[in-house]
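Place chain L on chain G using the hints.
Number of protein chains: 2
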Amino acid sequence: MRLIILTIIITTFILPVIAQVNNSYNLMPAPSSIVRNGERFNITDNFRVSITGTPDQRLYAEASRFVRRLGEKTGFFLDKQGYVKPSDSSAKSPLLLRVKRPGKLMLHENESYILEINSRQAIVTAETDLGAIHALETLMQLISTDDKGYYFPGLLIIDSPRFSWRGILLDVALHFMPIDVIKRTLDGMAAVKMNVLHLHLCNDQGFRVESKVFPQLQQQSSDGVYFTQENIKELIRYAGQRGIRIVPEFVVPAHTTAILCSFPEFASVKKTYTLQRYFGVFDPVLDPTNEKVYPFLDKLFTEMAGLFPDNYFHIGGDENTGKDWESTPHIKAFMKEKGMKTFMELQTYFNKRILPIVKKNGKTMMGWDEILQPGVPKDIVIQSWRGKEAFYESIKKGYQAILSNGYYIDLIQPTDFHYLNDPLPKNIHLSQEEEKRVLGGEATMWSEHVTPETVDSRIWPRTAAIAERLWSPQEVNDVNDMYRRLDFVSLYLDGLGLKHISYKLPLLRKLSNSYDIKTLQTLVDVIEPLKIYERNQGDTMYTVFSPYTKLADVATPDQDLPRRFSVLIDSFLKNRSAELEKRVREQMTLWKENHTAFLQLIRNSPVLEEGKLLSEHLSKVATAGLEALAFIRQHDTADYEWVSQHMAITERAKEQGGRCELQVIKPIQKLIKAAGGNEDPHVETQATQVFVLHSAKTATQQ
Amino acid sequence: MRLIILTIIITTFILPVIAQVNNSYNLMPAPSSIVRNGERFNITDNFRVSITGTPDQRLYAEASRFVRRLGEKTGFFLDKQGYVKPSDSSAKSPLLLRVKRPGKLMLHENESYILEINSRQAIVTAETDLGAIHALETLMQLISTDDKGYYFPGLLIIDSPRFSWRGILLDVALHFMPIDVIKRTLDGMAAVKMNVLHLHLCNDQGFRVESKVFPQLQQQSSDGVYFTQENIKELIRYAGQRGIRIVPEFVVPAHTTAILCSFPEFASVKKTYTLQRYFGVFDPVLDPTNEKVYPFLDKLFTEMAGLFPDNYFHIGGDENTGKDWESTPHIKAFMKEKGMKTFMELQTYFNKRILPIVKKNGKTMMGWDEILQPGVPKDIVIQSWRGKEAFYESIKKGYQAILSNGYYIDLIQPTDFHYLNDPLPKNIHLSQEEEKRVLGGEATMWSEHVTPETVDSRIWPRTAAIAERLWSPQEVNDVNDMYRRLDFVSLYLDGLGLKHISYKLPLLRKLSNSYDIKTLQTLVDVIEPLKIYERNQGDTMYTVFSPYTKLADVATPDQDLPRRFSVLIDSFLKNRSAELEKRVREQMTLWKENHTAFLQLIRNSPVLEEGKLLSEHLSKVATAGLEALAFIRQHDTADYEWVSQHMAITERAKEQGGRCELQVIKPIQKLIKAAGGNEDPHVETQATQVFVLHSAKTATQQ
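Just so you know, the sequences run in chain order G and L.
At position 240 of the first sequence (counting the first as 1) the number is 1292 in the numbering used here, and the numbers step up by one without a gap.
At position 27 of the second sequence (counting the first as 1) the number is 1079 in the numbering used here, and the numbers step up by one without a gap.
Honestly, I wouldn't trust all of these hints.
One copy or two, either will do: identical chains are not told apart, so a pair holds if it fits within one copy or between any two.
[As the list claims (entries may be wrong)] Listed below are the simulated DSS-like cross-link pairs for lysine-lysine, each with C-alpha atoms no more than 25 Å apart in a straight line:
hint	residue 1	residue 2
1	K1412	K1285
2	K1137	K1323
3	K1200	K1664
4	K1132	K1323
Honestly, the hints are just simulated from the structure, not real lab data.
Looking at chain G on its own, in the form it has when it is part of the complex (with noise of 0.2 Å):
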């Protein structure tokens, strides 16, 4: 642990400073509208809280928590208040809420709040209990710091959310999460205004709820990780305490092998279904011709709507490959007799089925884009994955809709793609009504590459700026205040209990087979995961069973020192000032010496193999930055050959290893582009991976 500061002391120049100046402040997501009245209340151990009004009881329990943390984040003992009770009303309270009505736990419901913050008093009014919740959080990022101590900055906020359906989706099939996961998820979502949670809860790799109809689920398709009832009701409490809905996923037709592992009579294909252990798109499907089927799944759904409260339920009803049922003699039969052109009618005739199901448990149904097929009756909701063509269409064509397409967090990508990613952005002409009926969006963890150690570092800090693209006014929109302002979340966040920072240490410790981890985190620091679909080549390497405690495992998406590289490098090239030349030769040295200990570092610790060559990689390419660099440093300027020599050393370094590439190429090639007088040579490369951040694919695959 010492060791870590070292290299923060090393990498000095690329710390975040959280600065608390008087014109800015670190709120994520941005309010709609912030006025200073340059006023400021002190902060002493004589905080406490009072409410007024009519609130849910959720309040309570939150403002307890929130003097619970406030007392974490001073140190006072602000014992005096150990839980907020309806008796604490005193209208002269430091912090009072006044709260209209009990918020209800669905779409459109008012979230709105405003704070006004004297040097007497922060008074949050809000109409009802929901709202009051997003301005505890607000004020939890506040707290400034001075000589004097602890305070908030004297301001009013008026603050809604742009968008009301603001989700996560996690995926707790391909990768089971336990419960302390989902929870602090919740506390993560809570902290920047979510306020949906989409549980995926079945796909080919295992069933993950406890049914009592149907108890073969749980004991024959889960190998015995799923979450009980109780769990459920628990994690739904949790959830309804921070103004959050869960809403489920019971994906079918498609991705049901761990459904047919139990009941295999429901299969198109008969036969013996093991659950699956890869991931990707598989066959298996269930036999729409069987009449048997929908009384199965009504009593299923049925069982799983009365668990689950939400308005909404959602049936998947993506990647259906369709082969199963046109092999199968007596399902095209069927759909020869109906008239069904493609295996997609009869998904359709499989969805309307399944929808009066849904419908008499008092829920909307929910699907992926390829429930929508024409027939698909107006009243269900469209999940859009695969592009925003679809998503507009669906729009157009009278349905709701929320968009995923764009905020597939498990990809890797960078934090400003999704930013920027606006579920309506300004050249798309929609009507008012068109507009009223897109409903949000949701960030989806799918858990193909991930486990309950390493999930957090997928999902955080990259989702607070989702939050706030779904949160604040399309106006706010600015990449690099974004990016000022998620270094604060991301301590923020970490200081709530998330393991997106903390996760990492005792993965370097582990691959490191030391407490020295300083050789290995100079490599991690400036490589990221394979993007997109790259990781799992062809969907063939990686099982359930799979190690994910590796390189791409330790790697975050989205590294600070690359950017802030990047940014120095360009600095520099503008300014050449002996600071900047003196901070990028230091850092390209220690890239090119930590070549030699990553190779003594492989003997202790076999595992490191893999990233042998990325750390020689990175060496090399380094070293040809600082040739570069003494070029420019003595006026020089290298020949075309040179420039050809090495820009090709540094294509060859996109090689991917350990399923990771180098993210430090770019601003060295510009190093050697300006060696050589900014000339653009011509490049030999064996490169095969070519390195594409912001240009997504189409995913192939959820």
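Leaving out everything else, chain L in the frame of chain G:
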């Protein structure tokens, strides 16, 4: 830049080196016998496990977990064997487990194993699967590396435990500990071959198990944090899977404020009771003269005895002040009528009424020292916390007993203190029969000042040394070698998911209000929380609502750096080499200069104000040490006055700050004395705290 080099060098000598030299292993607890055979078994991705014989089903799951852990450690994709099954029984498998019969989760069960590793195979032979599970942990700890990759060293280990009861008491009453904490504690226990988790389930601050018979207990007496019966069953399953018994404790007749909140009619003093928010010894106590108390306890204990399958049932019995008995007329009258002279006689009466309730549920009753009173039957087990005399007295009187005195890990004492605390030391002369009644011991993790975030840092790694004391032969008692292996086992536990190391950085970031923690860490590395019962002076400073996110929480017991610094000073004073002098100087320079940065840090994070005094003292002490070093370097001798003055500075530095104290004073005092030619000067001191490590005061409170 100077600082960087400094830190590199400074951190070098304090970093433990995980050595894997041929002559020693890093096993903890050390096995009874190891014989090397010079061979090696290379671990490859063809690794598989087979099981023959008739183990309990748990062994298949544990063997599967072993395969997964081995994959995570080595990076091998051992996907082929997702789960080890009874059909995997090839005698030629790389790892073969041969087990005679299912192990029973009970005292004195056979836990022995033989492990033989040659170049072709690792073979475990065990009477029961419990022994085989211990062997798997031994194997995990044996994984070795060199430039040829991962391997197990060839050897023959014959191993069995010295004591059958090797436990941790985890207090979930004073501060509740959720399921994930319990589970990872069980993982840690299994890793060091402990086999009893004693759950302290209720106290004045809360009742932590759902009762279906008396639901008031969790509804009114838990603040809403408790285990459901389903939770308990899950924990018992999880523990059983690791070969660990769970022993429940329901403390009566004192420490029952939580029960009396729900059932004031059973109190000795009639009044309304509310949950106790402070910690300590309080007067509320059940009324032993109320005949309705016994049917109540009968129903409650019968329900709980059914929930917890273990043969032992702990009824507490400690720390009754007797005040509420002696001040209540009808109770005094009752005592007089029965001829009882002291309230302890009344407690014995009470215990004798409880014993049949416990017995008829098929359980052996356990209690703390205090239940051992004249006339108490011999078929109970005493848990000894007050002192060794009471322990051997109970043994000699014919009782079975387990030792906890000396294993109070909540008291922040150093590892070697606990390590050398032998339940059967050589100087105690007991007959063979008497020795047999010494069942073992339990480390006690009372939770006054710990939370789910910090608790691991109080349990680990010190408890691994207690585990060794209870498992390994008496002769294994080399403190230096213990500390060498403790470094390894601490990293091993870290890799297993325990939080004793990784909890620290998020807390340091929170306390620093920044990603940059180096200034704070420099201070925290040399302080420890106040020991024994000093932290919570007079039991009046802390409540259950206090923030446990401060200096005393991020500081850990038995810090590495001070111990290593002390060794460094001793080495330097012995040989006075220039190289060691440089190390000493650089370390003390860092401490001296840190204070300026610390003062800056307080501005950004006022909560650190409480560390100012410590930081200032550290700086002063280091300055004194540097001056002493200069004398020594120049072969000069400081005069008596200089030595007196500077010793006084170091004495004043013993003052507590933020409920912590500096740990590097002693070695620096050695330097100062050496500078003065080792004369012991007269010292005037203003310090009030006395720095006593190894002489534990008699504990006055659990």
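Right, here's what the structure says about each hint:
no.	hint	verdict
1	K1412 / K1285	within (22 Å within a copy, 36 Å between copies)
2	K1137 / K1323	between (60 Å within a copy, 23 Å between copies)
3	K1200 / K1664	between (51 Å within a copy, 15 Å between copies)
4	K1132 / K1323	between (65 Å within a copy, 22 Å between copies)
Of the hints listed earlier, there is not a single one the structure fails to meet.
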